[in-house]
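Asker: These are the residues of each chain, in order.
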Amino acid sequence: MKLTKLLTTAAVALGLATTAMASEKTKVGFVYVGPVGDGGWTYEHDQGRKAVVAEFGDEVETTYVESVPEGADAERVITQMALQGADLIFTTSFGYMDPTINVAKKFPDVKFEHATGYKTADNVSVYSARFYEGRAVQGHIAGRMTKSNVIGYIASFPIPEVIRGINSAYIHAKKVNPDIQFKIIWAYTWFDPAKEADAAKALIEQGADVILQHTDSTAPQAAAQAAGNVITFGQASDMSEYAPLPRVSSIIDNWAPYYIARTKAVMDGTWESTSTWDGIGAGMVGIGEISDAVPADVKAEALALKDSLASGEYHAFTGPLNKQDGSPWLAEGETADDGTLAGMNFYVEGIEAEIPN
Amino acid sequence: MISLEKRPMPSRTLSMATPIIAVIITMIAGGLLFVVLGKNPFEAIRTIFWDPLLGEYAFYYRPQLLVKAAPLVLIAIGLSLGFKAGIWNIGAEGQYIIGALCGAGVGLAFYPTESILIFPAMILAGALGGWAWAMIPALLKVKFGTNEILVSLMLVYVAEQLLASMSLGLLKNPEGMGFPGSRNLNDYPSANSWINEAAGLHWGMAFAFIAVIFAYVLLNRHILGFNIRLTGEAPRAARFSGVNPTRLILFCLGTSGALAGLAGLFEVSGPSGQVSIDFNIGYGFTAIIVAFLGRLHPVGILLAGLLMALTYIGGEIAQGNLGLPSAAIQVFQGMLLFFLLALDLLTNFRIRFAARGTA
Amino acid sequence: MDLSAINPVLLVASLMVAATPLLLAAVGELVVEKAGVLNLGVEGMMIVGAISGFAISVETGSPLVGLVAAMIGGAVLSLLFAFLTQVALANQVASGLALTLFGLGLSALMGQSYVGIKPPAMARLDIPVLSDLPVIGPILFSHDPVLYIGIALTAGVWALLKYSRAGLILRAVGESHDAAHALGYNVIRVRVLAIMFGGACAGLGGAYISLIRVPQWTEGMTAGIGWIALALVVFASWKPWRVLLGAYLFGGINVLQLNLQAAGIAIPVEYLAMSPYLITILVLVIMSADKSRAPASLGRTFHASQ
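In the order they appear, the protein sequences are chains A, B and C.
Throughout, the numbering used here is defined as the position within the first sequence, counted from one, plus 171.
Throughout, the numbering used here is defined as the position within the second sequence, counted from one, plus 1.
Throughout, the numbering used here is defined as the position within the third sequence, counted from one, plus 4.
Okay, chain A solo, but in the shape it has when bound:
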């Protein structure tokens, strides 16, 4: 207990010290789960950090620690940042949820932002992106462009985020092409280039001519290129080195606007604990340029879909929709609520596969 006091005192003292210094610089810390050179998830968060630096210049000082294992190490790194006087700390992996909450209790004056989690506190916000909106656009293009009517999907782990993506892509592919079939491979990894390459090849060999991926490496792109006549979509980053074919478009994690806004809020003293779940409209989910390999009419439809998602006039999960077992989920015109989406653990009707476990 003594140490808690000590820590709190230190935090308060630091809080005072940093507010005194705050007139000069706002310190922002980032905790990354992978290396900044992973070219995917962590890379994009670091791009967001760089955007903060570019936006505010000398007014901010950013620090980051990469490849931090989830658990005890994460808690220490977050504490370390808070101790060193960070005003705002972004923890960018789901597994940092409990450590973030724990540290936040000890440093009430420091603001915390946890990505993809669901636990908040007075000084802890959560934020995540509605990637499923991007999946809807991909599904539309995929359904229109497939000739074999087989769409391959490389999934990572059976968690709501991934299942949501599969459902969204399927719904919108099915809408434009009732004959399509989804083949889904669970790679049980977020990042293993060799395995992703093998998964893409397996899907292509079984007739898929569109590959969607929810893993972060460009390996599936290369496999598609080698096979020819297969289209893919960039994931996490634009992967434009594979455009115009096989990569015809992409979902880009764009954290920059959010990071800039939240840093600004801390600077202005207007920061409040929030739960943010932004999509295309707020710019958190970017749709990479649709390449010329996509016919002009399909491209126009995709862009129209993107705009209607962005403006909010259309929701990617709009009824009538049934669950996989045929039980009704959403009635005509009804849209899914965020609670169901956040914990989504079922496929929609039509997908011929089982969620593992």
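Please keep in mind that the hints were generated in silico from the structure rather than gathered at the bench.
Beta carbons: idealized from backbone N, C-alpha and C, even for Gly.
All clues given are correct.
Chain B is nowhere near these chain A residues, computed Cβ spacing over 10 Å in every case: (1) GLN218; (2) PHE227; (3) GLY228; (4) ASP229; (5) GLN396; (6) ASP409; (7) ASN425; (8) SER444; (9) GLY457; (10) GLY483; (11) TRP500.
Below are the DSS-like pairs computed for lysine-lysine, each with C-alpha atoms no more than 30 Å apart in a straight line: (12) LYS122/C / LYS470/A; (13) LYS318/A / LYS345/A; (14) LYS196/A / LYS277/A; (15) LYS276/A / LYS173/B; (16) LYS290/A / LYS173/B; (17) LYS435/A / LYS277/A; (18) LYS494/A / LYS173/B; (19) LYS40/B / LYS196/A; (20) LYS122/C / LYS221/A; (21) LYS318/A / LYS122/C; (22) LYS470/A / LYS345/A; (23) LYS144/B / LYS243/C; (24) LYS221/A / LYS40/B.
Put chains B and C on the given structure of chain A with help from the hints.
Answerer: Chains B and C in isolation, oriented as in the chain A frame:
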């Protein structure tokens, strides 16, 4: 011509001096690396070695050193017994995982009942789990003469798959919104290993210290310890003097497995808090290095564990404060290990500079 | 659920590709272990090979030069291990683990400016006429050159160990370094050369991933293949052709499970992923009755005055 001459007895002075020399050489070589990366080498070295111990926030980092060192020391002590006897358990990572799974499994099975009996039961389950996992290579070695290095290594991969399966299935938190990973044992008072969470003290540290003392007494005061050393140094003499190799194999592998299992249990029920797919972060392998850095001596292992912990924590501070990439820290740690291992030569051998022919 | 969707010919062809980095690294490690040295640093040497090959082929524009650079990179890193274990007489297990740690860090530093770049492509060796043959065409005659190098290397190592004097010396050193020393062979030199060969093979295996199979550079991209290569050598009971077989089996299980999933068959992925290791343990047990054991001096330190 340079030649090596084996010392009749390892040099005590040098066995104490070489680690210090190695650290100094690493600082120089690492400093050069940091210069190449465009950082101030003095600041970097100070951040890694000084700040966690005596810097401004050392009050926080000092207990964290123990948090990081406890599993390393606990596992390395167990491994060192076997290593001394020439029994090579390199699968401690697997035993660590199984210990954590068994221990956490017992704890979660009782959720949300509160009882002071739950944590002791978890400790028992953790130790038994690690022990049982280590018994596989032990029994196979005893029965069939299979190589324990390889079997124990294979079982690490099996354990990792089991861990993934448990995190996504049986032990998944039913209130976790579908995400992989178990309930957080830190939110379950009867089932966590903290003695004083705020001070960063947990039972794993207590057990690590007990293990150090236990190993020290065993090796220096007990006939079993004598047999272990004898088997390692002169296997044939050991057999003549009536040492039962089967019992020794079962004891050494079993003990190291149980200690690794305990380390896993204390980690999962304290600092880590939950079973998750990425729960294991290589303590079982790092502990092998710690065992050798500590020259297989209990006190040496304690110091080596703390030194490794220091480079981890100092490395993180250097990343945060100086913007050093984590890869540079890994290279730095690698250098430290290389120099420590290479300089060990001086402990056991004398270097002679003699004219050709006179040797 | 549609098993007919799996094309066995393509399955075999792609498992050969999946197995190649494993095969290369494992054949190299086999030679090292035959010489009585256990180098657990395969993963580290592979990833250094992966970035060396990638960087050089991007800079020179030639994948072939890159592959050579990868072999040199792996061999140079393995020299560190050779120095520690053969000259400084350090413990092999600890040195190998340290080598992996060092290699992972070093490769990440080397590769900082190579993330997100596409390397020059390696041409496939489409042998005219032959590659158009049904069934055996895709399986045997339309791969990249390195895949054939892997198979040739296996054959070469097999012949070397079985028929050549050099192979005899290598085995003698691995079985009993004291006896080999007494016979006048330079144990240290043989072992250093074997270690460098292992490093070169691991480096080539790593570059196969970064230049051909994936192809891209990202930190930690070998993702544990070096460790599987270690298992494979044991699985193969130190016999080159069994390494080839084992590599196809290990690679095959992975490719097959992906194919089964794609065909809509629900399989417990984790349990299938365990199976190669369990099979390896089983093989070890069976082998112990077979008397074809590990090299007798495996992992033991040699010093001439002992």
